[in-house]
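Now for the letters of each chain:
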Amino acid sequence: MTQPKLTLSGISKSFPGVRALHEVSLELYPGQVTALIGENGAGKSTLVKTLTGIYQPDAGTITLDGKPVSLSSAHKAFELGITAIHQETVLFDDLSVAENIYLGHAPRTRLATIDWPKMRSDARRLLKDMGAGHIDAEARLRDLSIANKHLVAVARAMSIDAEIVIMDEPTASLSHKEIEDLFVLVDLLKQDGKAVLFISHKFDEIYRIADRFTVFRDGEMVGKGLIRETSQSDIIKLMVGRNVDHIFPARTPSIGAPVLEVKDLSHPTEFDSIGFTLHAGEILGFYGLVGAGRSEIMQALFGLTKPSRGTIALDGKALSLGSPADAIEAGIVYVPEERGKQGVVVDLPIFQNVALPSLKKTGRNGFLRLAEEFALTRQYTERLDLRAASLSQNAGTLSGGNQQKVVIAKWLATKPRVIILDEPTKGIDIGSKAAVHAFMAELVAEGLAVIMVSSELPEVMGMSDRIVVMRAGRMVEMLDNNNLTADRVVRLAIGAEEVAA
Amino acid sequence: MNRLLKVRETWLGLAILALLVAITFRAPGFSTPENLASIFNDTSILLILALGQMVVILTRSIDLSIAANVALSGMVLALINSTWPDVPVPLLIAAAPLLGLAFGAINGFLVWKLDIPSIVVTLGTLTIYRGLTFLIAGGQWVNADEMTPDFIAITRLNLLGLPLLSWFAIATAIAFWVVMTRTPWGRAIYAIGVNPTASVYAGIDVGRTKFLAFCMSGFVAGLCGYLWVSKFVIASSETAIGYELQVIAACVIGGVSIAGGIGTVGSAVLGAIFLGIIGRALPVIGVSPFWQLAISGAAIILAVVLNARSERKTGRIILKQAEGA
Amino acid sequence: MSNDAPTHRNIPDRLDSPLRAAILSWPALLLVVAVIIFTVNSFASPYFLSPWSLSDATFNFTEKAIIALAMALLIISGEIDLSVAAIIALASTAMGLALQYGADTPALVAIGIGTGLLCGAFNGALVTRLGLPSIVVTIGTMSLFRGLSYIVLGDQAFKGYPASFAFFGQGYVWWVVSFEFVLFLGLAVIYYVLLHRTSFGRRVYVIGNNATAAQFSGVRVERIKFLLFCLTGLMSGIAAVLLTSRLGSTRPSIAQGWELEVITMVVLGGVSILGGSGSIAGVVIAAFIMGLVTFGMGLLNVPGIVQSIFIGLLLILVIALPIVLGRLRRLRK
Chain G
43 MTQPKLTLSG ISKSFPGVRA LHEVSLELYP GQVTALIGEN GAGKSTLVKT
93 LTGIYQPDAG TITLDGKPVS LSSAHKAFEL GITAIHQETV LFDDLSVAEN
143 IYLGHAPRTR LATIDWPKMR SDARRLLKDM GAGHIDAEAR LRDLSIANKH
193 LVAVARAMSI DAEIVIMDEP TASLSHKEIE DLFVLVDLLK QDGKAVLFIS
243 HKFDEIYRIA DRFTVFRDGE MVGKGLIRET SQSDIIKLMV GRNVDHIFPA
293 RTPSIGAPVL EVKDLSHPTE FDSIGFTLHA GEILGFYGLV GAGRSEIMQA
343 LFGLTKPSRG TIALDGKALS LGSPADAIEA GIVYVPEERG KQGVVVDLPI
393 FQNVALPSLK KTGRNGFLRL AEEFALTRQY TERLDLRAAS LSQNAGTLSG
443 GNQQKVVIAK WLATKPRVII LDEPTKGIDI GSKAAVHAFM AELVAEGLAV
493 IMVSSELPEV MGMSDRIVVM RAGRMVEMLD NNNLTADRVV RLAIGAEEVA
543 A
Chain W
151 MNRLLKVRET WLGLAILALL VAITFRAPGF STPENLASIF NDTSILLILA
201 LGQMVVILTR SIDLSIAANV ALSGMVLALI NSTWPDVPVP LLIAAAPLLG
251 LAFGAINGFL VWKLDIPSIV VTLGTLTIYR GLTFLIAGGQ WVNADEMTPD
301 FIAITRLNLL GLPLLSWFAI ATAIAFWVVM TRTPWGRAIY AIGVNPTASV
351 YAGIDVGRTK FLAFCMSGFV AGLCGYLWVS KFVIASSETA IGYELQVIAA
401 CVIGGVSIAG GIGTVGSAVL GAIFLGIIGR ALPVIGVSPF WQLAISGAAI
451 ILAVVLNARS ERKTGRIILK QAEGA
Chain V
62 MSNDAPTHRN IPDRLDSPLR AAILSWPALL LVVAVIIFTV NSFASPYFLS
112 PWSLSDATFN FTEKAIIALA MALLIISGEI DLSVAAIIAL ASTAMGLALQ
162 YGADTPALVA IGIGTGLLCG AFNGALVTRL GLPSIVVTIG TMSLFRGLSY
212 IVLGDQAFKG YPASFAFFGQ GYVWWVVSFE FVLFLGLAVI YYVLLHRTSF
262 GRRVYVIGNN ATAAQFSGVR VERIKFLLFC LTGLMSGIAA VLLTSRLGST
312 RPSIAQGWEL EVITMVVLGG VSILGGSGSI AGVVIAAFIM GLVTFGMGLL
362 NVPGIVQSIF IGLLLILVIA LPIVLGRLRR LRK
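Residue numbers (my numbering), protein chains in the order written: chain G, 43 to 543; chain W, 151 to 475; chain V, 62 to 394.
This is chain G alone, in the form it adopts within the complex (with noise of 0.2 Å):
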């Protein structure tokens, strides 16, 4: 058996409030591919950060070719040859393709300056074997797809000759035929001998590219082993660390009055002919692929962009939204994806998170009374089962979960008629999941109307009254959730044609 090229073991890292990472090991194999699996918030990001030098874990040791090795810093793990490819952070809109591969590294002449000539035909090269020939070497990385810019990660990590390349979820934007392209590289790399770290929660990439698999959950190691002689339910099962079944609530959905209805919703650019209509104590989910242009009607439903076209009628009021405070005072809240930089303020008290869109009821002429905005805070706090030392703690230092609550509260405290959840559980723990989920069927249970867009099926099939599947800034289908297999609701998403049931 061949000997791991890198590996950690009894790796432990703590932030203040939360512990990321606890005693976890993981062994990376030359010419094999790893994959890193678990749910948002199990530790992967922190991993990755420890393995590229930007974060120091507070126990444990990593051994690169058995040899013990401190990764100190970003440019210490670049020397010993780990690179990441990342989701979208690791590249330069503002420079060349060229530059992005070589920078840091770049040919010199004699002089010791830049060997620009030199650089630009090394880039080509490289990117023709990589049959990636396609990309100008001089072209803006901006201009280029996200496919494209994948691939220019790869060079990247090719050109640096690295013996550990990360590819933190490198599929997570790209489409069918551009993932089958990058898994010919993947191959390559492979086949070069690297050790190559995959990160992904896509089953069917994993069980395509990997040989073999480490599990983390809530920060823990919770098992490894060689994908070909594990099934897929048994990793599930190591992932979320009970039955899948039970996650949801059950609840028997009594539909009211229609409360929401959406015309011919359509803007220049991002959607097109949107309709709908959304019924008191209703869930309707949205359903379809990142970027099939989801965020960006419910972003119009909130007032932040402006449709070209079609009309949006609450209680059989038309509505003109022109920004988020219109839409909060006609009854409609919005809880963002992007938690930490759309939802919580992260340096503000969560007293103050709570009430921000309350003020003017909180408050009395424009003035602040804070015992009302604790005691509007505690209301809808307690409810949610919120767990935090103190209302004037910083919202930041709750962990994911507990910061989508305070966002929760917020909205209810404006007593809306219309929620819309935005990919309501990406990156909070299990427990507050099942919370949230259950707070869910209880605001439903009330009467209020609900939209949740996610991209997690089981989390659509398992919510929703209705369905509706998104494709490219077009709906493609509404569904009634009964009977409804996961199989047609995916081949609606992603276009493929439909088999005869």
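You can take every hint at face value.
Part of the chain W face toward chain V, derived, beta carbon under 8 Å:
{"#": "1", "residue": "Val271"}
{"#": "2", "residue": "Leu285"}
{"#": "3", "residue": "Gly289"}
{"#": "4", "residue": "Leu395"}
{"#": "5", "residue": "Val455"}
In case anyone wonders, no lab produced these hints; they're calculated from the structure. Just so we're clear, the structure is a prediction, and the values are computed from it rather than from any experiment. For glycine and all other residues, C-beta sits at the position ideal for the given N, C-alpha and C.
For this one, chain G is given, so just place chains W and V on it according to the hints.
Below, chains W and V without anything else, positioned relative to chain G:
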């Protein structure tokens, strides 16, 4: 490399040409080679400082102390020259940039090691450097008659038809062009301005790179300290007062983005030349020179508006993808 | 499970008492610095403690401090206005022009304040309507406003303001207490209430912390920023009236370089230049510190430019000290 910028520089270059043509209609003598050379010579110091400031702005920082550094370095050199006239002037000229670099390094160090925002650091050192200028001279000016003839003459030395001062500007521009486009150092400065997070992953030390940028701006400020004193033949605590804003204005007009990462040597050079021409043209076409400030203000605002237009990010276009697929 | 603090069925409002928080706050630290400077000054110069010289001391900083109040809010919201001193120049020039056409004192005051407000609105419109970075916009308008004043005045000056106009910058309300000083204290109270006791003030903080989340929570971000620019312009207009009245003349170089002093005051007062935090109390104490330093050193015949060394050092030290101490504390752990 940067097509957008190339376009922007071309436009600014054309605007300058159009300006020259328009002025020449009113004042035919304006565009003679001699006059243009003289304008360039008068713009040299602004141009050199704009290059240093540009490098700092590229790293998402700002150096408000650059003009105070000019004053302080200039005063130190003038005092040395008047106290010890035997110290050879070339030695002083060589020492000037190093002196400025030391002051720039203080800024850079505070930004790097203490993580204090650059605007606060340089606001503080601005007042400190200016105060020191006053203090070391005991509140006195150093006048022409206290300086050695060489000290004054060297910048005026004619070489191939241009004064040496102009050659300093040309040499600095070439040196900066080489550093910014041909060395890993220059590329690191762009990289941390474009995407600091990604730079960390690419193994670039963001703090250290900012430190180096402040050293570069200090370096040119020190050089200009000598050039200023030699050109205007006076050193005082009022030297180049408020000039930091002119320098930033030159960068902005040239198209350097205050958000970092965008701007070239050409941007800074053209921005400075634009301001230089405006300054010289007004009296020639019969407009009171008191208009100059308002015009450069309007030019800055216009430049920012235009830059913002061209930088506007094009978002993802979902529907187009659908049609193309 | 996540590792949040221990579960409470009843989550308390606060853990720290507000008193304890106040004692450990930035204004408290500044107050100590102010007291030290006051004590040193009163030992250093026998004239310092006389009521009239203390009263004179206030003239050194009240006009700048009045602008600093509004600037504090603007910086907390994440923007900045470098054109405040230029607004003074333009507003003063407008008053001087009106004087040439025979405006009386009330009209002069209205024109000065109105010009300030208009300039602020112009900055605000450029920043919020066109989405431009305020630091560059206001570098531009700084040249523009002062430039307009140079176009009008050249190397001339407006003089001959009416006697009744002199009250604003030279008059006393009671004994040694000047009108300027009373106005500043009154405005400080108003700004304190506005920032710390109203929904508007809360929204200013939220915007400075995270403008996107603020917008997503229904805060009308652009409108509030626009109002803050208007307020800063308004305060600059008021300062222009006071300064013009005190000097009795208008030159285009009036209040040159004040923008940096105002910003120093705000930052020294504990307002984060990156936005999101700060307090009026801190800014007011910082104004006193700068006033005391300048005045005390003035009594000792230290020239103004050398005093600025001290202010600059104070600015950097006061900000660097907590950072260095924090590092040392972490090292010891």
